[in-house]
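So the protein sequences, as listed, match chains A and B. Each residue of the first sequence is one higher than the one before, starting from 398 at the first, in our numbering. Each residue of the second sequence is one higher than the one before, starting from 11 at the first, in our numbering.
Some hints here could point you the wrong way.
No more than 27 Å apart at the CA atoms, straight line, and that leaves these computed lysine-lysine pairs for BS3-like [claimed, not checked]:
1. B:Lys217 / A:Lys401
2. B:Lys191 / B:Lys90
3. B:Lys72 / A:Lys401
4. A:Lys405 / B:Lys214
5. B:Lys214 / B:Lys87
6. A:Lys401 / B:Lys191
7. A:Lys401 / B:Lys185
8. B:Lys124 / B:Lys90
9. A:Lys405 / B:Lys191
10. B:Lys66 / A:Lys401
11. B:Lys185 / A:Lys405
12. B:Lys214 / B:Lys191
Calculated directly from the structure, the hints in this document are not laboratory data. Bear in mind the structure is a predicted one, so any value in this text is a computation, not a measurement.
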Amino acid sequence: MATKLLEKIDQEQRNGRSVPDFNVGDSVKVYVKIREGDKERVQLYAGTVIARDGTGSTETFTVRRISYGEGVERVFPVYSPSLEKIEVERSGQPKRAKLYYLRALSGKKTKIKEKVAKEDRAEA
Amino acid sequence: MQGLIGKKLGMTQVYDANGHHIPVTVIEVGPCVVLQRKIAARDGYEAVQVGYLDQKPQRVNKPQAGHFKKAGVTPKKIVKEFRVDASNAAKEGDTLTAEILEGVTYVDVLGMTKGQGFQGVMKRHGMAGQPAAHGHTMHRRPGSIGMRTTPGRIFKNKRLPGHMGHVNITMPNLKVVQLRKEDHAILVHGAVPGPTGTIVVVRKALKKG
């Protein structure tokens, strides 16, 4: 039971953060701010979104990628100030809400069907 | 006095200056009204009696109604006392808000924990129990609880099954993450006792900062 105040705090945490509309199955590029001492730099992390969890300002998403032959998964809060931006590279059309089955697969089988916008489909 | 009666509103998370998210409990604190200022000369000790949340007038008996009338306030649901120094200037009818917690970095939160009912020793005291399989017929029992003819009795305070939870506890030294005076609320780091909606007392930490 969320009270009005909790909703207000939730809204404040999300304010000023523009997050693109992305879903499970999309290929995304996440620009992560990294602080080393007092210097700050941006690291790129690209992969497939395999899960989105939670609601409101506490929502997180999991990005999976194969890095040097090893599967790597990172969980980011959607509205984290440590994310400079999120870019959607390719929209997928998965048949599941959570793509945990990708963990057991490799190569061609990890491909997700690309989502085609309605108007594009009509032309083809 | 740096303490108030409040209500636990729930938990969420907020981002700090470094971009880390920290778990917080949102607590509504006050506004509380002063019902009585107890002084050493008359009452034997120094304290401020405060009330929180309005009560329907028909729910209070005559002596209580008189007590509220004396302070010139509407009847209150929760009445508690806070010990203060003799120099405290609070007087009857004053309203205390979250402002009195201004500048406080650590608070203690007092409240009643969730009741767990009658529980065994594994949950209640964290005992190990016995193996689940390989022919064992005893699984979650306490095991031996004493010796033999000597001493011939079970020691006091032996940890055994029983009622768990629903006790008043103090969560000491919780960090204040945010003080929202206009919302009459305080955000403290971590969890506080009881379910959402429970009545708690928030006071300046006695042992820290």
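| query | Which numbered hints are broken by the structure, listed smallest first? | reply | Violated: hints 1 and 3.
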